[in-house]
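J.: Okay, here's what each chain looks like letter by letter:
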Amino acid sequence: MKTTDTPPADTAGEKPPPVTKTASAPPAEEKATGRTLNVFSHGFLILWAIMVVMPLLWAVMTSFKTDKEIFSSPWALPDSLHFDNWSRAWTEANMSDYFLNTIIVVGFSLLGTMLLGSMAAYVLARFEFPGNRFIYFLFIGGMSFPIILALVPLFYVMQNLALLNTLPGLILVYIGYSLPFTVFFMTSFFRTLPTSVAEAAFVDGASHTRTFFQVMLPMAKPGLISITIFNFLGQWNQYMLPTVLNTEPENKVLTQGLVQLAVSQGYKGDWSGLFAGLVMAMLPVLAAYIVFQRQVVQGLTAGALK
Amino acid sequence: MCGVDGSPRGKIGSVGMQHGKYRFIVGFLTAPLAIYGLFVIWPFIQSIYYSFTDWSGLSPEFKMVGFKNYTRLLDDEVFWKSMQHSVMLVVLLPLVTLTMALFFAFMLNVGGRRRKNAAIAGVRGSAFYKVVYFFPQVLSIAIVALLFQFAYNPNSGAINSALKAVGLDSVQPDWLGDPDLALWCVFAVLVWCTVGFFVVLFSAGMASIPKDYYEAALLDGANRITTFFKITLPLLWDTVQSGWAYVGILALGAESFAVVQIMTVGPNGGGPDYSTTVLPLYVYQKAFRDGQAAYATTIGVALLVVTLLFVAVVMKLGRRERLEY
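Chains as they are written, first to last, in my numbering: chain A, 1227 to 1532; chain B, 98 to 422.
Wrong hints could be hidden among the right ones.
What the hints assert, rightly or not - Lysine to aspartate or glutamate pairs mimicking EDC-like chemistry, simulated, CA-CA at most 16 Å apart:
(1) Lys-118/B / Glu-1425/A
(2) Lys-1494/A / Asp-1293/A
(3) Lys-413/B / Asp-335/B
(4) Lys-1494/A / Glu-1354/A
(5) Lys-118/B / Glu-1354/A
(6) Lys-165/B / Asp-151/B
Said to hold, decoys possible - Just so you have them, the derived chain A footprint on chain B, three or more residues with Cβ under 8 Å:
(7) 125-135
(8) 181-192
(9) 239-252
(10) 280-286
(11) 396-408
Claimed, not checked - Sample of chain A residues at the chain B side, in silico, Cβ under 8 Å:
(12) His-1268
(13) Leu-1282
(14) Val-1286
(15) Met-1345
(16) Val-1378
(17) Val-1399
(18) Ala-1446
(19) Pro-1448
(20) Ala-1513
(21) Tyr-1515
(22) Phe-1518
For the record, the hints were derived by calculation from the structure and aren't laboratory data. These numbers come from a predicted model, not from an experiment. All residues carry an ideal CB built from backbone N, CA and C; glycine is no exception.
Pulled out of the complex, with its shape left as it was, chain B reads as follows (with noise of 0.2 Å):
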């Protein structure tokens, strides 16, 4: 990922450029770490320290209770439930994400007329569709989040109005207000966010592919969908990892905590019935709305878990050889 390939990484190593080396490295790192360690690495240490303590996070004094908030866990109904939505976001998020992305993009790429010596032509137009589908990319995912709340809204949203429109009366569901339907409308909404970031990113990277390789399989007989799976997924391999990645981790943290805290009916959200609960949701009610500090971050140790185990998975399924074009 890092480092031009063959070239040598570029080390400063002559004698000369050895004076003052380290009072130099020093004075550079010193204001970043410090910064870094205060506000990051020494939280993150502390809050596996504090789950193993009473601390309510209001007073200043906690002892040691061990294993006690962990045990809580196991029988917590609102923690399961959070668990459960969290782990079906950081499964499903991504792969409907991509899968959609890497369509588009496709269908950016290939999907165009076919043109003379071209074997294959992007559609007409991809550029303005490359445009308008980044723009959630770069709105806040608060006024996102607000701007859906409104549209989901079962008397006068957006949604429900159209569906009037077009004769269909009858259907009016109470979208965030359904048990039921509540989770998918946060999910929709997620979905609605991510898609467009990789079609472009996707999209470049299909643009890379040098064309005779297309050119070459059609010639032997190949249809565009397996063009798609020998030759455009496989290459784009590296991406769509590091994609996969990302997405589950927005999918886990702080998106999905803006999502349902501003969206979802209830206190603080996670309603109707707890049906939208996240981890990172919980954890931010238990230690700020509640006053327990020291099981939030238990809490939190759950998620840190799950974050881990998922970027060890993407690491070994996505593991392939690494092909070069």
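Just chain A, same shape as in the assembly (with noise of 0.2 Å):
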């Protein structure tokens, strides 16, 4: 807001306030200081929201149109729905096989993250034992070293243990990177967990593994939902991790695929097919963000919050 000068708003007075036309001047009034910031509020707020939505209709009615439609009317609407588009992107494209792979490298390494991560984190939260701090931060600080600097010895590393182009060794990969995070977060709200009841349980003669499972895993159901959002999404969205430790054609994820499809279907000039994938690939998330609206708000702010 550019205002500088606006004089102390008089909250008693209510001479009918001077409707001013420009948003950025502030009279006097308070009413009319309302009227005009509420104008102005919703023109800044609709600007926005129209530049974060067009960029992704403008992709949907993209994939939709020929290739002739795309180069000679980018902001027409499409003669006509051409769904082979997205056939062609599927099959030939090799769409389907992205797909396929990123649902096993995210299903296995969330199910790894999440189990290993809370196990580390219910301990360093829960027992004293020495050498628990240090073990903590060094989780923590991996948060904030910048990865690529690690990329480059771990390339090799992979490539001694035979895991590089693998999809299992993407998936540790994947389980390493997200553990800062998710023990961080996990370890904050096993604090906040009552003791009791898992003293009562241990009393009923419940080993420290099954208290866990049985009592303290149930127990942290919020706290587990949000950071497995957090971590699905980081682990679909992912893409400098494979595109270095993952160069096998057959072996890409959809991220690596699309950029892949970016550079082939160039070379075939088919745009219609690529803005296809694109599509393809953005609309299952935006939907399902769509429908978890609040559970996934939650769980990408979970971190930042507390």
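With the hints in hand, could you dock these two chains into one complex?
T.: Following this line, the structure appears as structure tokens:
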């Protein structure tokens, strides 16, 4: 807001307010200020909403056009809905394989991350032992280090273990790089849970392991849901790790597959197929977000608010 | 950041629970630590070691060369260009993103028409705005980068044809092909991606500020801009600070790597004429395109130094007395 010299608003005086047309000029009257501000805020808010939605709508529209239409009239609606773009992308351009690979990798690494992450977090949050703080900070430190630095040696570590360009290798790496935030978040979550329930279970003869799986994990469910959503989106959208560590064409995941597609369809001039692929990758995530909106926002903002 | 205020930390300490404690701790920590150690910590340590060698990455042989890689950095023009761009991103991206996000969040929360008995009111449809603003956050940066690469296309891209449609036929920039514009195109995409998340985050923070504070301030004659700087911002400062660190790390790391590598021209991105290259991209190119793994780790160490400096600055500048409300 560009206002610098607004006179003190007088809430008592309710003279008819001068309605100003320009949104940035602040009128003296409080009521008018409110109205101008209202117009002003809606103006900016709508503008940004349009800027967010337009590129996405443009992509959806383009995915139904012929290549000729894409070049001749980029903003016009498609003449007819060319669903063949979509089927071409799904089969010929290997989108189905990319989807499958991504589902496998994200499925297993999500499971691994949640299991190992909450195990480590539970022990770090609830037990005192020498080295507890050290291990905790070792995990936390991983959040601010530039990953690309580790990727150079990691490439050769993976090669020596015969894990390079394999899906299991990628899964292990995803788990490793998801652990810092998961441990950080779950540790603070486990600390907020009451101790009495776990102690009662233990007195009743349950082992530490059973107490963890049957008592503590169910109690930690809200935290687990948030961090699962966070990790799911992070791993599903991951680009840098697979680009470096998973270059085998038939093992590619969705993000790198699309970039690959952009190059190959570019040669073929099949832009419509490429846009179909892009939209195909975009829509499921957007749809899931709209359905599970509250949980997704909670999951992604959870770490920053705590 | 962790532990509930005031309550005891809740460690399990009763005598009965000591039974088999260490076996349990070891059992639960071994697998996570093994994976984390092998795939994250160990490569980090190795990379610092490699930066003092002449390892190419292609053969297993190498020898120690002391600080030779580091002195080479000093004369490497492309390195300094990457450094300059990365520093620009880490300074400007948090500034622009967080300012915009605070502005939008403030508008959402106090920009509404005055209602009876309420000093401030949120705008109508604020839930709708928040849903839409959050869209980029759930999309992959790779998809976003590809999408904008086409939007920036000078001949048939969305932006230039929109300019044409409103009669600006003469204004048809070459966007990503223009060395003066390309980096700003990349910057704009990064802003587009990150603003929405913080609007939602700040908006939640603002909603939890008690309304009486605003009422009192407005009665005292403060205008809305004053209330923003005297009430909203100080009470939101903790969140702003962690957001600042978060955006900065994105600007130095994976996010800028992906956008530059995918969107910009040249083999593996960074063009035209190195006008968009950034540190993580240069590490990648040296290691996996040019077969100079040791030198790549040296650039990576420089990036690590910049990252740690940035985090230190955020901690130092951002430190304020915590306000409880």
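J.: Hints first: check each against the structure and report whether it holds.
T.: Okay, the hints, checked on the actual structure:
1. Lys-118/B / Glu-1425/A: holds (13 Å)
2. Lys-1494/A / Asp-1293/A: Measuring from Cα to Cα gives roughly 11 Å; hence the hint holds.
3. Lys-413/B / Asp-335/B: holds (13 Å)
4. Lys-1494/A / Glu-1354/A: Violated, because 62 Å separates the two Cα atoms, which is more than 16 Å.
5. Lys-118/B / Glu-1354/A: Satisfied, since the Cα-Cα distance of roughly 10 Å is no more than 16 Å.
6. Lys-165/B / Asp-151/B: Given that 16 Å is the threshold and the Cα spacing comes to 9 Å, the pair holds.
7. 125-135: Coverage by chain A holds here, the residue count being 8 at a Cβ distance below 8 Å.
8. 181-192: violated (count 0)
9. 239-252: With 9 residues close enough to chain A, the hint holds.
10. 280-286: violated (count 0)
11. 396-408: With 7 residues closer than 8 Å to chain A, the region 396-408 of chain B meets the three-residue bar; holds.
12. His-1268: Check passed: Cβ of His-1268/A comes within 6 Å of chain B, closer than 8 Å.
13. Leu-1282: Interface hint status for Leu-1282/A: holds (7 Å vs cutoff 8 Å).
14. Val-1286: violated (11 Å)
15. Met-1345: holds (4 Å)
16. Val-1378: Check passed: Cβ of Val-1378/A comes within 5 Å of chain B, closer than 8 Å.
17. Val-1399: This interface hint holds because 5 Å falls under the 8 Å limit.
18. Ala-1446: violated (13 Å)
19. Pro-1448: Check failed: Cβ of Pro-1448/A comes no nearer than 14 Å to chain B, outside 8 Å.
20. Ala-1513: Result: violated, 10 Å to nearest chain B Cβ.
21. Tyr-1515: holds (5 Å)
22. Phe-1518: violated (10 Å)
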